[in-house]
Amino acid sequence: MFAYITRRVLVSIPLLAVALYLVFIGVSLTTDPRADFYLCLPRCQDGFDRITEVYNLDTNVWLRPFIWFGEALTGDLGESTTIGQPVTEVLRTRGWNTAMIAVPAFLVSAIFALLLSVYSARHQYTFGDYFFTGLAFVGLAFPSFVLALVIQNIFGVQFQNWFGVKPFNTGRKTGTNFLELLRDITLPAMSLAILFISADSRFGRASMLETLNQDYIRTARAKGISERSVVWKHALRNALIPLVTLWALNFSALLSGSVVTESIFSWPGLGPAFITGLQASDLDLVLGIVLLTGSIVVVFNLIADVLYGVLDPRIRLN
Amino acid sequence: MADTSEATEIATEELRDAEVHGPRDHGNPEQAPLFSAGEVEGLTEKPKSFGRLTWEKFIRHRLALVGLVGLLVIVAAFFIAPYFSNYAFDQRNVRDRLVGPSWDHPFGTDEIGRDLFVRTAQGGRYSMRIGLMAAVIATVIGTLFGAVAAYFGRWVDVAISQLINLVLVVPALLILAVFALYFGRDANRLALVLALLLWTRIARVVRGVVLSIKEADYVMAARAAGASHGRIIGRHVLPNVIGAVVVEVTLLVGTVIVLESTLSFLGLGVQRPNASLGTLVADAKGSIATDPVRVLMPGFFIVLIVLCINFIGDGLRDALDPKAKVEGGKFDSKKAAKKRRKDGAKAGGIDGRTRGSALTVGGGRLTGSVEQGSNSTPGAP
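Chains as they are written, first to last, in the working numbering: chain A, 1 to 318; chain B, 1 to 381.
Just chain B, with the same shape it has in the complex (with noise of 0.2 Å):
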């Protein structure tokens, strides 16, 4: 990727057009290969698009694969079951408190009677609404503040450095409370209160990968050739960025969910009537003693649900690898190729939180005190 768009600053529009498969044309269909599959047979075959390319890889990951359609089945199960069911989420039927799964309350009732099986859907529904707002908004915010302390470095770089420790020194969870005491406690605040805790790890992740695209001969050549700021940020540096943030948005997910849960289980989350994942094993942790199921199966839920994330995560990082690319079966044969592939991806950046220090690192700096990832939040663990 990296070499393609270093010549076609040079090169002229038309052959950029033509030559160039990179993430770049992506978005970019009516495209126009130099010789079309139709014309010489056999010979050259119709370029894919990257995100076509990507996600031939993806699909290809077993574990990946399988967490997609784990999460789209548990997705899937979380709408339609309610329909199912006799009961709305926050029904109360004080004649049924407390009774065992049956076919009519496939999940039991709680203690007051309400239905588990429908609240456990609609919990997984809040969870997830709140996880993927939370995660969109965090890479919205850590994007942008990544890719601007590092792109225009000095000052600029040395205060969003020491805001990021600020987030890091303070309790995730006193944050949340105050918040939550100053401004209420509906889905869409709490995402957003979760998304304010949760940006630094993105605009690490992402400062370290424009750290090091800066330097790049093609963002020079585009500078020596008269690119202005907005279309080297634009074309240059957030192609390449997009790669890693995709994977720290997948994995942001999981870690918001499991984040909310907590705080739904503290007491500090999802209010009551409303459920989430959280609030139910919070509901029935008194009774574990004697009614482990109740308690449990929205656990089980939440770690299902975190599992098939992770797993999507860790395929789209391997998709995603450019160096893949380039490695593809060149001498070995292609299982062996494949094999290293996917360790060279992982030895890249493995666990999220040292995702960033490790990037940080080979841009050559190792400054903020805070840099190498932390998981300071009392109640994180």
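Okay, chain A solo, but in the shape it has when bound (with noise of 0.2 Å):
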């Protein structure tokens, strides 16, 4: 096992290596940091010269990466032009937001997908059932800012009072006590777990359906068990394997921000960040999120593998 992850975690950092190389060399061929400067030259000649120094412009496109490496192996990951600090330190306010959000949303997500898919898979063929899975159905054909904005009308126009909604401004501070925070947190973070209860809940009720038409819950119902035991202790434990993995990888995406939803309840998340650093051409913010949205992606990936290895022995990982 330890060798596994380890191999893993070995074989990930070269691909990381690669993806940022890659992002590095797109966002620099497409963008010009000094392109604001072209037309003033004999007169900002002193302001050309600073910027061609600060992103080595002066170097080969091919290996200025190499420099950033460099500078990101000591930890230095640059600064952010459009927000005016240190990546480092934008990752980490922008990172602690988009989690205040994503655990939330996880934690309401996973509990519902659970339940909706024991109770779907129980009262297979009932109207409840039809009635979960159709919302499911909806649910998955939301595109992700439709749905925000429909929960936005909804609890933010209709019932103001309920929820304030903010104008479209990605810098607003997050609430100052408690109460305020999660008045802020509830909109996105609910838009963010319907999307993941919809697709989770269908796949949480199969995998209960095929664990409840096994053998062994035949065997465990004919030796009497009550049937609250039966699916809740044996039925559940071997269903939720496949949907553990699921959740691990949902995780992971909360977690990397999402761009959409974050934006239109103007949440100073990762997402925001990205796509204005993204527009700016802030080609050391894209790269600092870059390299931390992929290390979760890569991370989670690897949890999402080891876990199916630990719940189910018979899947060995080599």
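Hints are supplied without guarantee of correctness; some may be wrong.
[Claimed, not checked] Here are the simulated distance ranges between beta carbons:
hint, chain 1, residue 1, chain 2, residue 2, range
1, B, L65, A, Y4, 22 to 30 Å
2, A, Y4, B, T290, 54 to 62 Å
3, B, F183, A, E227, 57 to 65 Å
4, A, V103, B, R231, 34 to 42 Å
5, A, L307, B, F84, 54 to 62 Å
6, B, V140, A, A280, 34 to 42 Å
7, A, C44, B, L181, 21 to 29 Å
8, B, P101, A, V310, 51 to 59 Å
9, B, V99, A, R92, 43 to 51 Å
10, A, H123, B, E215, 37 to 45 Å
11, B, L65, A, V9, 44 to 52 Å
12, A, L29, B, L163, 17 to 25 Å
[Claimed, not checked] Here's a subset of chain A near chain B, in silico, CB distances under 7 Å, partners left out:
hint, residue
13, L15
14, N153
15, V297
I should point out that these hints are in silico values taken from the structure, not numbers from a laboratory. From a predicted model like this one, the values you see are computed outputs, not experimental measurements. Don't be surprised by glycine CBs; every beta carbon is placed ideally from N, CA and C.
Two chains, two separate frames, one set of hints: put the complex together.
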């Protein structure tokens, strides 16, 4: 197991490096941080030279990423021009903000998906099952921005006193006290959770159904074990195996920040920072965020695979 | 399907044509059954082709039929709508700015007086065109890479798996933004870039299926009989993959439409004056408090289209599941068998996201870090 994890981590590092290299090249080739300076060139030679120096623009494009790698290894990810802070600082605050809606959204979606899948599997082809399956279908068809706008319109606009809606402004400070914070978190977390509940509950229902049809469940029932124990102990534990790996991946997706939902609800998380950095060709910020989200994806994929092996001993990791 | 094709590899050509009604006969309409329906009345019936069997099962699936009809209606409406309007999609009419729904403008107008009814229809066509194109391109790339990776294995497999991981680690938005700046943003290029992002899921699914087929006895039999790589892939492997691929493509069209509308919403997709359903929502989102209908109408169409597509995909999955044929009403009543069959199909691989992983694990391998599928793209949720 330890050897497997070590090997996977070692494989992931060059993968991340290649990804960052390609991102660097891609952004460098399509944007020019000196764009504003060309028009005024003889007069603003000083600024032009300073930007050239900061971004190492006199070095070959294909070699420039290595300078960034060297600095990144010492813990220096550069300075974000759009936010005006060191990138490490931006990642810390923004990552924390993203986690504040990612964790509740994840917990809510996991709990609801679990309950719904157990309910639907136990009451297969009843009205309740059809109802929730239909809801899941509709939820799956919603693009995140439509769902967020609908939720914002219903709970933010029609009931203004419940959750105030803020203008499209990503720099807003998070709430000063716990209740205000909770009020701000609720809507974005809810719209993210709904998307994940829709996907997970259909998956969980199928997994639970498959488990309930297994021979060992019939055996357990034949032995006279109570239905509650059969469902919640014998069946659920096995049905959870594929669901747990799915959750690990969901959590990584949530932690990476969601551009759309966070932007619509003016939440100062990683998503809006990424999109503004991209539009302003803030190279250091973009690279920093790719490094963070890429690491999250890699780590949680590893966790998902390891969990799969731990929960289901029939699967051998090698 | 599987056992019949094993037998036929040894059998003679004539016997094969007469006996096998598997997927491989699809596209061979003039096959002669041993007994035609006319010869022995009531004893035998004309064998149905794989395509026909699938179609019959498909239209018995109520939701799938609803989805198909719904989608056809929407598409037809998108194409016919402009003929009922006096306006072009980019025609400005400043005197009629922001008017509400009326006979002249069924969905109202936007800030510069363009008719939203025509723009919604145009946007819908644009979205669907991009969705279809990107899905087809992604399928071609994905099927090719997945089949090659699984069939040849070893370093080819490792290389392609790492390529897939790379696509998953780099945020989709970034790739799209960079490509858009480099190549421009018309529909064809947008579809191409979206396809370059989305082929990975199909590749994983195909890889999983091919891995399991590769070890099947009938492939070994074919190899023993001296069949070439090309013949094995074309006659034995691909027909078995098609079922899984068809389902994935259908669902992929929905995914692309959602992704494209999200990109357009963020300003990274379709450029004005062209409209897609995503840009229409983005254009109107500032006035959601005063005029929610203008914002939600295009969004409603996205949801409707994707819903129909997902229904169709679900029906296809059930119809194409080969297990359904074997189980069909052996002991139980027909209805119970149908229910059981449906669940079997669903348990086999429900949500597209985990489908690849289920198959990969079934194939006995768990390599590559992002096997389980991932929605690593910030912006997707």
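For each hint, the structure was consulted:
1. Look at L65(B) against Y4(A): about 47 Å separates their beta carbons, and that is not inside 22 to 30 Å.
2. One distance hint, 54 to 62 Å for the beta-carbon pair Y4(A) and T290(B), holds here, with the actual separation near 57 Å.
3. A C-beta distance of roughly 60 Å is found between F183(B) and E227(A), which places it inside the suggested range of 57 to 65 Å.
4. A C-beta distance of roughly 54 Å is found between V103(A) and R231(B), which places it outside the suggested range of 34 to 42 Å.
5. A beta carbon spacing of about 56 Å between L307(A) and F84(B) agrees with the range 54 to 62 Å that was offered as a hint.
6. Distance hint for V140(B) and A280(A): a CB-CB separation of about 36 Å, consistent with the stated range 34 to 42 Å.
7. A hinted range of 21 to 29 Å for the beta carbons of C44(A) and L181(B) is consistent with their spacing of about 25 Å.
8. At roughly 58 Å, the beta-carbon separation of P101(B) and V310(A) lies within the given 51 to 59 Å, and the hint holds.
9. Checked against the given bound of 43 to 51 Å, the beta carbons of V99(B) and R92(A), roughly 49 Å apart, stay inside it.
10. Under the hint 37 to 45 Å, the C-beta atoms of H123(A) and E215(B), about 39 Å apart, fit the expected range.
11. Against the hinted window of 44 to 52 Å, the Cβ-Cβ separation of L65(B) and V9(A) comes to about 50 Å, which satisfies the hint.
12. At roughly 21 Å, the beta-carbon separation of L29(A) and L163(B) lies within the given 17 to 25 Å, and the hint holds.
13. Given the 7 Å rule on beta carbons, the hint for L15(A) holds: about 6 Å separates it from the nearest Cβ of chain B.
14. With its C-beta approaching chain B no nearer than about 5 Å, N153(A) sits inside the 7 Å limit, and its interface hint holds.
15. A least Cβ separation of about 4 Å between V297(A) and chain B falls short of the 7 Å threshold, and the interface hint therefore holds.
The structure does not agree with the numbered hints 1, 4 stated previously, though it agrees with the rest.
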